[in-house]
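Chemist: Listed below, chain by chain, are the residues.
There are 2 protein chains.
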Amino acid sequence: MNVYRYEENPLVTPASIKPHKEGFEVIGAFNAGITTFNGEVIMLLRVAERPVSEDHHTVKSPVFNPETNKLEILSFSLNDPRYDFSDPRVINQQGSDQFSYLTSLSYLRIARSRDGRNFTIDEDPFIYPSTNLETFGIEDPRITKIGAVYYIYFSAISKNGVGEVLVSTEDFKTYEHLGMIFAPENKDVLIFPEKINGKYYALHRPVPKSTGAPEIWIAESDNLLYWGNHRHLIGLRENKWDNGRIGGGAVPIKTEKGWLELYHGASKESRYCMGAVLLDLEDPSKVLARSDAPILEPEADYEVQGFFGNVVFSCGVLVEGDVVKMYYGVADTSMACAELSLQEILDSLVYEKSVISR
Amino acid sequence: MNVYRYEENPLVTPASIKPHKEGFEVIGAFNAGITTFNGEVIMLLRVAERPVSEDHHTVKSPVFNPETNKLEILSFSLNDPRYDFSDPRVINQQGSDQFSYLTSLSYLRIARSRDGRNFTIDEDPFIYPSTNLETFGIEDPRITKIGAVYYIYFSAISKNGVGEVLVSTEDFKTYEHLGMIFAPENKDVLIFPEKINGKYYALHRPVPKSTGAPEIWIAESDNLLYWGNHRHLIGLRENKWDNGRIGGGAVPIKTEKGWLELYHGASKESRYCMGAVLLDLEDPSKVLARSDAPILEPEADYEVQGFFGNVVFSCGVLVEGDVVKMYYGVADTSMACAELSLQEILDSLVYEKSVISR
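The listed protein sequences derive, respectively, from chains A and B.
Note that the UniProt record's numbering has the first sequence beginning at 1, numbered continuously upward.
Note that the UniProt record's numbering has the second sequence beginning at 1, numbered continuously upward.
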């Protein structure tokens, strides 16, 4: 796969962003939703901020309080036996694989560009946590434009779990909060950009507990607010690069061959790559073909090293003719962009046996 | 709380049911959905069957194959190091808290009664697994009647996870399969029996993995097929009988005081009791009051002992004036019924402080 990484990469880094809260530092500006608006490329950044700490014996956790509308900062001693601090991103319950708190809080902030390479970052957040389901932050937005409306949806994190919240905007100044559309545990929702045979469709990625794996499902809707007819779409593949967890990445791209979904897959060792899956144009619950090898994998320095290294994670692309401009988070730290050929991606897919025999 | 247990309890036991499949034994007839139809009480039983095994070195797992429409039986050696067989209900992955297979397969079968105490069991299943999301069985049905239509919904189990499937019937002879309405991991859905201010509502019980607990949420819909606006409703309570997991039980009962939901709560030690929560009549996402102590707890022999003892688990009640006829599964084995006073349940509830001060 020919991949042209921009010379300007990384395009946005934590250092280029002024913290929103005094006494905080920006540790990530990544996993941005992508669209165009008024002739500009809009990068809706996930910005992760954490309280600055000079004390190496305590770990802090910022928590949004929806009743006071303020951020509160909890402090934990590294000696507290109730918690496990070994993962810098989370404060885990000791002896459990569940987290109790996060060490940073993410919100959504706009970066704008005329050329898609040089970005100016808005002074203030665009979307900040606002409900009791967003107290630990909001993460990894995607943007689907339908008519004049931009639907923005993202993971909402709280002690009650991780689910997906929908908002809508027409001007990227104000927005309407439309509630949680996928209940915990779910993230990596991707709403298709048009109705297909009278229904809206969305990919989603439940994380079941008792049995099952973090895999990609598909659901349908008639109003974007309420979703049902959940069906399992594609799963992990043993002995491949996507044997740990998978989830949708960019808004599905309509091509002559089918709906092309650029998805992320992680290995069991948490190395995140991008791959592709092709879905039937008339019935996107039918899988036609899938990448054997990744179309993008962490190779550049800024992809391999960072807060959480070895990660490329796209939440949105722009397609211009045969050119796929894939914007993607790197190492849970910064944003980058690479161009790929749409035709080359399509040609690389391995078709399902049942499709070949048709 | 005054509880009148029927003298006929248990009303239905595995011994009273002829296995559907040759070479199988019925090990459970429990957690039935309840309604009335044509002047009879309908108990829609969850019947669990397993292959008879004389060989004590192997464990068998029945799995429905949706492509052949047949049941297949897998055999596992008790010495297989990949699996943990210590829980008789499941075959767990070794070193994981996830199950890989179940040791029995559940389906739904009708028991009918004129007096609500003496039941005749249909010869054949009413609803049997039929899709790739039901390969490990279907469990714990509830029934909500809206107009002339009986909506039946149940947990669907497969290697992809545990979600909730909806079907509808008007005659309890044929039904229409309406797909999975709540994606994994979710069960214990309870659809309210009428629209409230123009919306359908349902309780549901996600089981999140990364953070959060098995607690009760509420969602809304305009067509019963697609659900959204998910909100967290009530949680576990430390140092109480419901500190392990909770989930909806019976279809919510409309009273002058509010919607009364009889729910199940388990302790961390998996002792299952029934409690009650009262929701606002006009906005069921508002919690008004909740049981401090259980309204029913496992005390009778048939509740304490069985395949999985110390369990009372109601999936449906009949209300006649002040009498709540609570049908409930006992010890994951059989069905029983007890009568309680609706007024006494309402009087026992402890109101939220914010409600008292209104």
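Think of the hints as simulated: they come from the structure by calculation, not from any bench.
Since this is a predicted model, take the numbers as computed values, not measurements.
Be a bit skeptical, because a hint or two may be false.
Copies of the same chain look alike in the list, so a pair counts if it fits in one copy or across any two.
No more than 30 Å apart at the CA atoms, straight line, and that leaves these computed lysine-lysine pairs for DSS-like [said to hold, decoys possible]:
#: 1; residue 1: K173; residue 2: K240
#: 2; residue 1: K145; residue 2: K60
#: 3; residue 1: K70; residue 2: K195
#: 4; residue 1: K21; residue 2: K173
#: 5; residue 1: K325; residue 2: K18
#: 6; residue 1: K173; residue 2: K268
#: 7; residue 1: K159; residue 2: K240
#: 8; residue 1: K199; residue 2: K159
#: 9; residue 1: K268; residue 2: K195
#: 10; residue 1: K21; residue 2: K240
#: 11; residue 1: K159; residue 2: K353
#: 12; residue 1: K159; residue 2: K286
#: 13; residue 1: K21; residue 2: K286
#: 14; residue 1: K70; residue 2: K254
#: 15; residue 1: K21; residue 2: K199
#: 16; residue 1: K145; residue 2: K199
Chemist: Could you run down the list of hints and mark each one as holding or not?
Modeler: Hint check results:
no.	hint	in the structure
1	K173 with K240	neither (43 Å within a copy, 47 Å between copies)
2	K145 with K60	neither (38 Å within a copy, 51 Å between copies)
3	K70 with K195	neither (39 Å within a copy, 36 Å between copies)
4	K21 with K173	within (20 Å within a copy, 63 Å between copies)
5	K325 with K18	within (27 Å within a copy, 63 Å between copies)
6	K173 with K268	neither (40 Å within a copy, 47 Å between copies)
7	K159 with K240	between (33 Å within a copy, 20 Å between copies)
8	K199 with K159	between (33 Å within a copy, 27 Å between copies)
9	K268 with K195	neither (35 Å within a copy, 46 Å between copies)
10	K21 with K240	neither (42 Å within a copy, 40 Å between copies)
11	K159 with K353	between (44 Å within a copy, 22 Å between copies)
12	K159 with K286	between (35 Å within a copy, 19 Å between copies)
13	K21 with K286	neither (46 Å within a copy, 33 Å between copies)
14	K70 with K254	neither (42 Å within a copy, 38 Å between copies)
15	K21 with K199	neither (42 Å within a copy, 40 Å between copies)
16	K145 with K199	both (16 Å within a copy, 27 Å between copies)
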